[in-house]
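As given, the protein sequences belong to chains B and P, one line each in that order. What the first sequence shows, in my numbering, is residues 711 to 1254, in sequence order. What the second sequence shows, in my numbering, is residues 26 to 378, in sequence order.
Everything labelled a hint here was simulated from the structure, so no lab data went into it. It is possible that some hints are incorrect.
Restraint-style ranges between C-beta atoms, simulated for each label pair [unchecked claim]: (1) P:T302 x B:E1062: 55 to 61 Å; (2) P:P243 x B:S1134: 19 to 25 Å; (3) B:S1190 x P:P243: 26 to 32 Å; (4) P:P148 x B:G1014: 55 to 61 Å.
Short, incomplete list of chain P residues facing chain B, as computed with Cβ under 7 Å [claimed, not checked]: (5) P243; (6) R246; (7) S250; (8) S253; (9) R256; (10) A257; (11) L260; (12) G262.
None of these values were measured; they are calculated from a predicted model. We put the CB at the ideal spot given by N, CA and C, even for glycine.
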Amino acid sequence: MEDPGVGASDAHPHAGDSASSVAPGASAPAFALRVAHVSKNFPGTRALDDVSVEVIGGTIHCLLGANGSGKSSLIKILAGVYQADPGGTVTVGSHTLDADRTSPAWARSVGLHFVHQDLAIFTSLSVAENLAIGRGFPTNPLTKAVRWRALGRHARTVLERFHVDVDPKRLVGDLRPAGRTMVAIARALQDQSDASEGVLILDEPTVALPAVEVDVLFDALKRYAKAGQTIVYVTHRLEEVTRIADRVTVLRDGQVAATLESVEATKERLVELIVGRALDHEAATSSTLGGEDLVLEVSELSGGPLRGVSFGLRRGEVLGIAGLVGSGRTSILTTLFGLQPPAFGTVKLNGEIVSFSSIDAAMDAGFGFVPEDRSESAFVTMSLKENLSAAEVSKYWRGMRMRERAEATDARQSIVDFSIKAVSERQPFATLSGGNQQKAIVARWLRRQPKILLLDEPTQGVDVEARAEIYRLVREAVASGTSVLVVTADLEELARVSDRVVVLTQGRISGEVRGPEIDPSRLTELVLSAAPDSRGPQLEASRP
Amino acid sequence: MTVEETIGTGQPAGTTAPAGTGANRTDARAGGQSTLLYNAERFALPAILILVLIFFSLWGKTGNLFATSINFQEVGSDYVYIGMLALASLLPLVCGEFDFSVGSNAGFTQIVVATAMARFHVPLPFAIMLAIAFGAAIGLGNGNTVARVGVNSLIVTLGTSGVLLGVVEWYTGAQSINNGISSKLLSFGSENTLGIPDMVFLLLGVALIVYYVIQHTPYGRYLTSVGSNARAARLVGLRVDRLKLSAFVLAGALAGLAGVLLVAKNGSATPEAGNVTDTLQALAACYLGATSIRPGRFNVLGAMLAVYFIGFSVSGLAIAGVQSWISQVFSGAALFIAVVLSTVIGRRRAGIG
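Taking the hints into account, I'd like the entire structure generated from these sequences.
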């Protein structure tokens, strides 16, 4: 008991030392999971290219890579969501299968257990109920009523086994974030009779967790591994790899860049592998901007995930904001747009301090905002015309009525100006393609000739052609004096469209790149390698 | 039978939609949808109303009594009250909320206006204003709870409705107020000008104003935007909670006016008048109206046509000898069919169906 372990109760009376067959570093390592020569082609892209990964039983094996490196494709093939191209194989324990024949049922039968980012737990149900869902409730054979006491007993046994210290009767919604993740893990593993049997695959479980909670989760994972549990841990956070991995495989552009033992996996080495070239050790340059063409000056902006963000924006400049999920990149935009008041810090517009109590105040001051999710900007039940004019309806209110004809004329003009493919301005918005909807939403703001346009993932879910057109429209607006702040996870896109990029790490600006220095791999490097908890010198430099 | 006709014209439009979506130009799907079909959809309800009128006028069993000016005047003035409730329901519906309390609100405010005149001898204009003010105050309560606290509007207004019905019964002791009601109000409820009931003119006037507000003012566009996507409305600078609140206040005020009409029509204030059944009829009319004129959107003309479609159908059936329960069954069935139709139309408009 004092040597906690998964499933330690029956098979391994002394879990710690009995797991000789799975001990890392043993002379002939037993592979719990082997992926051999797996490739996957999607129309137009090669997601995986002859990938081979070997996971030693009883170890924590990290799978690391930037966006689009192929991590999720690999996991989805293992889960049976996709099938690989013919040729490769997947081996779990003693079961080998062609990689083009994986299925969810197969994954379950060989003991691959997945816990995804969103956990798929039911916050309004109790812990015990969550454990039973998907597995089945114990019921009275006659009345089919749930046997609550048996359910509670089962839950307590499972929770004890996984050292989750919560009352099975508590609602999962009342648990701490790490507790929820651990309930999800316990649910995935509860039917394993032996810890060394299956493989637990965790897909970026810490994205939504605060630092303290991450510690709790990592302690638990280390304990499980010690008891013989094999864990594959997918992440893009370097510091997590150095903290918990026994081994790490780095993917780059669909290929295995390298598999390292944890002792070799220094941060610098990992970044080099992810980016694909040697690091240049120059710190990211940064300096305070000066000059009269400064439109926006943000200093020490704090609140929510933001912890003192300072930057400037010039007239006619496109400033990109790069950062991981949770870095606060969206919060910068929403705070500037008046969606939530900053806890601290000042915003100067053309040299004057402004603070917006409402969105229309921000709009009057010349801000425009295209949110990340189109469901927050599209009026699908209304017409294209009404969507285009949504941010300036009052303009058409003259002489006690709506000048619908003027509105229609303007809409037709916008359809031409912004190359929106539509039959007429009266067309229901829902019937436009995603790309054309997005163009119309960008057009909605550009028609107002904003001083500052805030774009959050402006090309998400948009085809290549529309993507290029959206940025062409933004460029045209920039040429006529609009300044743009753009946030996107697609660093290649960010590099292409930005005049300057600031890197945001955990609510602080940790670096800045400008002009010719901007390239995707440099940005990836900065986003991934920025020290999370130390205040970078760059930040100090950019303070007034 | 007329109900079946409604389905008959509604369904082909719904079922042919997928064929239209098979067109090559994906962007042009609904825009390129045949205008013939669209117009058939738009004018189905008025066409059915006319068919109902013709049918009951020609049918031997009903013709003699149905096709008379007296019957038309009676149906006309009888349904002014429901029409007013439909106008009241329309504003919250446009911004995506339900007001289930409009009928009970009218039931309450009829007591207010009658009591003001009978017990406190308040002059008619002030009594009317008092009723409207009380109605608006009820709307303010609803709107505050919905917009600021964020409770589901159906639940809030159902609660309000129950409370109002109870208060009316308590205050009146289940007794009608028959005496002391202004004779001017009573004659307004019964007299005709140019052969048309005076009350119909009032309904027409208010309907025009509501139409203007919804269709031709930025405020109406804002309400529609909130109804379409409240989060997006917020992000284009609209004060979503204020807009919702205002819609409930206006709905309450119109329900207050409907309460006055109830007294004018009945000549008294009776505790049984003004209840949830009336609300259902008004909602049925709004939903039925949303299938025509501007399909997929709640609109004033459609709602008014639907009110009288229900009115004349019920009247014709009553003359034909069907028992009085037909009124409830008919408006219930109309609500059901209307909601199904508008869902089908709405889904098609959203490109899903």
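Tested hints:
1. P:T302 x B:E1062: 55 to 61 Å: holds, 60 Å
2. P:P243 x B:S1134: 19 to 25 Å: holds, 23 Å
3. B:S1190 x P:P243: 26 to 32 Å: holds, 27 Å
4. P:P148 x B:G1014: 55 to 61 Å: Distance hint for P148 (chain P), G1014 (chain B) holds at roughly 58 Å.
5. P243: holds, 5 Å
6. R246: holds, 5 Å
7. S250: Holds, about 6 Å.
8. S253: Where the cut-off is 7 Å and the nearest Cβ of chain B is about 4 Å from S253 (chain P), the hint holds.
9. R256: OK, holds: R256 (chain P) within 7 Å of chain B, min 5 Å.
10. A257: With Cβ-Cβ at 5 Å, under 7 Å, it holds.
11. L260: holds, 6 Å
12. G262: holds, 4 Å
No hint from the list above goes unmet by this structure.
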